[in-house]
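A.B. asks: Respectively, the protein sequence lines represent chains A and B. Going by this note's numbering, the letters in the first sequence line up with residues 1 to 557, in that order. Going by this note's numbering, the letters in the second sequence line up with residues 1001 to 1271, in that order.
What the hints contain is simulated information worked out from the structure, not anything from laboratory work. Backbone N, C-alpha and C fix where the C-beta goes; we use that ideal spot for every residue, glycine too. Some hints here could point you the wrong way.
Cross-link-like lysine to any residue pairs, in silico, SDA-like; alpha carbons within 20 Å at most [as the list claims (entries may be wrong)]:
{"no.": "1", "chain 1": "A", "residue 1": "K131", "chain 2": "B", "residue 2": "V1219"}
{"no.": "2", "chain 1": "A", "residue 1": "K446", "chain 2": "A", "residue 2": "R193"}
{"no.": "3", "chain 1": "B", "residue 1": "K1213", "chain 2": "B", "residue 2": "G1184"}
{"no.": "4", "chain 1": "B", "residue 1": "K1132", "chain 2": "A", "residue 2": "L182"}
{"no.": "5", "chain 1": "A", "residue 1": "K131", "chain 2": "B", "residue 2": "N1196"}
{"no.": "6", "chain 1": "B", "residue 1": "K1213", "chain 2": "A", "residue 2": "N538"}
{"no.": "7", "chain 1": "A", "residue 1": "K472", "chain 2": "A", "residue 2": "Q365"}
{"no.": "8", "chain 1": "B", "residue 1": "K1213", "chain 2": "B", "residue 2": "Y1180"}
{"no.": "9", "chain 1": "A", "residue 1": "K370", "chain 2": "A", "residue 2": "P480"}
{"no.": "10", "chain 1": "A", "residue 1": "K131", "chain 2": "B", "residue 2": "I1216"}
{"no.": "11", "chain 1": "B", "residue 1": "K1213", "chain 2": "A", "residue 2": "G539"}
{"no.": "12", "chain 1": "B", "residue 1": "K1127", "chain 2": "B", "residue 2": "I1163"}
{"no.": "13", "chain 1": "A", "residue 1": "K540", "chain 2": "B", "residue 2": "K1215"}
Covered stretches of chain B (chain A as the covering partner; in silico rule of three or more C-beta atoms under 8 Å from a C-beta of chain A) [unchecked claim]:
{"no.": "14", "stretch": "1058-1064"}
{"no.": "15", "stretch": "1141-1154"}
{"no.": "16", "stretch": "1201-1208"}
The lines below spell out each chain.
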Amino acid sequence: MPNVELHQVKPRCPKPLSFLLGIALLLQNAPAAFGQSASSANSLGDINVNQRDLLSTTLGENWPSYNGDYTGRRYSSLTQVTPENVHSLRAQWVFHSRNAGILEVTPVVVAGIMFVTGSNDAYALDAATGKVLWHHARAVTQGLIDDASGHINRGVAILGTRIYMETDNAHLLCLDARSGNLLWDVAYAPNNRNYGATSAPLVVKDKVLVGTSGGDDGVRGFVAAFDANTGKEVWRFWTIPGPGEFGSSSWPGNAYLHGGATTWMPGTYDPELNTIYWGTSNPSPDFDGSVRPGDDLYTSCVLALDPDTGKLKWYFQFSPHDLYDYDATQTPVLINAVYEGRPRKLLLEANRNGFLYLLDRTNGQFLAAKQFALMQNWAKGIDATGRPVPTGNVPTAEGTRVCPGFAGATNWYSPSYNELTHLFYFMTLEDCSVYSTRTEEFEEGKAYYSTGAKHRPDENARNYLLAYDFRKGEFVWRNPQVGTGHTWAGVMSTATGLVAFGDSAEEFEIVDGRTGAPLWHFNVGQPLHASPMSYAVNGKQYFAIAAGSDLFSFALP
Amino acid sequence: MKVLRSTILLTLATSLFPHSLYAQQNGTSSGQSLFSTNCAACHGSDGRGGERAPSIATLRRVVSLTDADLEAVVKNGQPSVGMPPFGYLGNQKVSDVVAYLRVLQGKGTVVKVTGDPQAGRAIFYGKAACTKCHMVGGEGGFIAADLSTYGDGLSPEAVRRAIIDPDRNLEPTSKVVEVYTLTGEHISGLLRSEDNFSISLQTEDGRFHLYSKTKIASVRHTSHSIMPTDYESKLTNKELEDLVSFLITTASTPHPSEPAAKKNRRNNGGN
Chain A
1 MPNVELHQVK PRCPKPLSFL LGIALLLQNA PAAFGQSASS ANSLGDINVN QRDLLSTTLG
61 ENWPSYNGDY TGRRYSSLTQ VTPENVHSLR AQWVFHSRNA GILEVTPVVV AGIMFVTGSN
121 DAYALDAATG KVLWHHARAV TQGLIDDASG HINRGVAILG TRIYMETDNA HLLCLDARSG
181 NLLWDVAYAP NNRNYGATSA PLVVKDKVLV GTSGGDDGVR GFVAAFDANT GKEVWRFWTI
241 PGPGEFGSSS WPGNAYLHGG ATTWMPGTYD PELNTIYWGT SNPSPDFDGS VRPGDDLYTS
301 CVLALDPDTG KLKWYFQFSP HDLYDYDATQ TPVLINAVYE GRPRKLLLEA NRNGFLYLLD
361 RTNGQFLAAK QFALMQNWAK GIDATGRPVP TGNVPTAEGT RVCPGFAGAT NWYSPSYNEL
421 THLFYFMTLE DCSVYSTRTE EFEEGKAYYS TGAKHRPDEN ARNYLLAYDF RKGEFVWRNP
481 QVGTGHTWAG VMSTATGLVA FGDSAEEFEI VDGRTGAPLW HFNVGQPLHA SPMSYAVNGK
541 QYFAIAAGSD LFSFALP
Chain B
1001 MKVLRSTILL TLATSLFPHS LYAQQNGTSS GQSLFSTNCA ACHGSDGRGG ERAPSIATLR
1061 RVVSLTDADL EAVVKNGQPS VGMPPFGYLG NQKVSDVVAY LRVLQGKGTV VKVTGDPQAG
1121 RAIFYGKAAC TKCHMVGGEG GFIAADLSTY GDGLSPEAVR RAIIDPDRNL EPTSKVVEVY
1181 TLTGEHISGL LRSEDNFSIS LQTEDGRFHL YSKTKIASVR HTSHSIMPTD YESKLTNKEL
1241 EDLVSFLITT ASTPHPSEPA AKKNRRNNGG N
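Hey, can you work out the whole structure from these sequences and the hints?
C.D. replies: Next up, the structure:
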């Protein structure tokens, strides 16, 4: 398939509703039409997402995928809310999920309809009122372990008139976006019941791409692609090489079947390079490196894959032979910018291991790294090839204090790159853990950490919101967060230079991206474990974020 | 032959699990009295809903839960919607209540169908054109209810009645609503949500129409759906019987309901 051109599409204005309706209209039985050239998601209430909608790098009224667009920047082009008027922002509605603990979803909005997931349930909401238009209920799965037993779900992908979601037990569901009816259901992670899934899928061209969770539980990671129409598997890339394959020396015997490198967040995609960028988790077992000698490919990596075939183009490993649960599933953000005097296609990632990385995404070449964690004692630094130089602080039987800790210096919550300020914003966590290790056998039905990590009572964790100038390799500002909890909320930004995020005091907050100065906040009264987004209906801009088991939406009066 | 086969299959399916059947029968009399003491005040003595709580005998999202899920709900309650926990009853009584609820839901009963489900399938997809609006197993339309599990545990008579007299017992979302806007437009569709300030309809092309009531001149709620009301004359008795048989047998093929949850939510939120 030829490369798809990257179309720059201007933000759509609401068109007047055209009505040609009467109930005498007969329905088409044909399944959703894919690849039709007719423009789609531009009439309010009319859901039909085409490739152009997905390829647009201008996020206007719609927010058609987990990160908004394929670049992973979480950058909204909407300009109605500004630093001058943001103080007037007010809550518009609250949606309460019926079947979930803490929501980690980023809603997808198309044509004024919002799609939300909570556990295995999906909902369509009127994005202006929060009213439920349909609800697809599916019981949560019993007998799951570790993270999968939390039944986390981060949202849907959409194409045509269909939405796609993963379930806690790693099924890919295809639902009719107009009714929530189940069209098909594919179980995609067989042979090990420690698999789970928490991510939103990623639609690329005519395929739906998924990963799994279970990287702490002895599963073998993969990225898999399914035909969006039929659900038939098209390719599967195993993130742990099998016997005889490149990298297999780290995986003696059948250790490769339990090596982790799961793929529990959506990747990003560059249509011009025809490449997807997908992060992998830590190795399994987490804390015992003795059973997995060497670098443990392809754990704690970003993988560059061909979306048509699943073939590996290149990889970059952030934390070779990781011993600290340093997943590399943070969003690999795609930026086109002049860097060191010439225009480049870059990949910027704030990694859980405490360092920021800048890569050339055409070939994976390492360009720069910068430590952002204030407390960091596992690496002396990053060498000229991008490889960390270990300090020798490793998990022991008695326990070793290592920073960043078990929860990571940052994590899956989203970063944002802003095209107006040219700054990269992300939330960090300053904390350390005491890591212990003991060799254990893998056992299905049990987590596979090979002992544990704990928080020292005298250690005070703190979040910081950071603004990073990757051109200069400098932090422009660093906002310490105050509160009793620590936030698991991501960051987004807008074309007016606003940076929206969830803070450590259970508040949704907006700051000035240039200075970090707080401009507005709202007490959602519940812990935030989700990343925010922005959309518009009838010319009105909204911000939405999940908190606790609720989803909040805000707009100007 | 085929009629006989379906009956045999259903009977066989239940006799394959004599232990669970016995347990159910054993538990239901205790379950019945526990239900009337603890549940009926809100859910109604038939489980079909009361003033304070919804139907747990018929709502798809409740019926489709596994026993373990239902037991977890009974034990822990649903604080967000005001249902108290009944964990103090102990495990045995909780499973007795759930066993009785299954009886109210019509689960586990042997339904004898007298028509030919295969012929009924052909009518469903062909002559009766049900798939213009309804879906079974991912095939069909989207505007009306997904019938994949609809017929499970229903009597043939109840299904037949729903086909020939579709406007009895309509869900609000099945009713046609007419909206007249201040600019003179007229939209006719199915109600998806409504409050004092807004209304959402869905037209048969799948499009949602979302209105603030400030833009609306009038709303008329009809008491009919978009389902044809002439199936009694359009289909022969035999065809109706076959169609009913298809809807019941297709729904009783096991739909692997996912096992229930251990509500063990970690604080760091899910790899």
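A.B. asks: If a hint holds in the structure, say so; if it doesn't, say that too.
C.D. replies: Outcome of the hint check:
no. : hint              : verdict
1   : A:K131 - B:V1219  : holds, 18 Å
2   : A:K446 - A:R193   : holds, 10 Å
3   : B:K1213 - B:G1184 : holds, 14 Å
4   : B:K1132 - A:L182  : holds, 16 Å
5   : A:K131 - B:N1196  : holds, 12 Å
6   : B:K1213 - A:N538  : holds, 15 Å
7   : A:K472 - A:Q365   : holds, 19 Å
8   : B:K1213 - B:Y1180 : holds, 10 Å
9   : A:K370 - A:P480   : holds, 19 Å
10  : A:K131 - B:I1216  : holds, 18 Å
11  : B:K1213 - A:G539  : holds, 18 Å
12  : B:K1127 - B:I1163 : holds, 14 Å
13  : A:K540 - B:K1215  : holds, 16 Å
14  : 1058-1064         : holds (count 3)
15  : 1141-1154         : holds (count 5)
16  : 1201-1208         : holds (count 7)
In this structure, none of the earlier numbered hints is contradicted; all agree with it.
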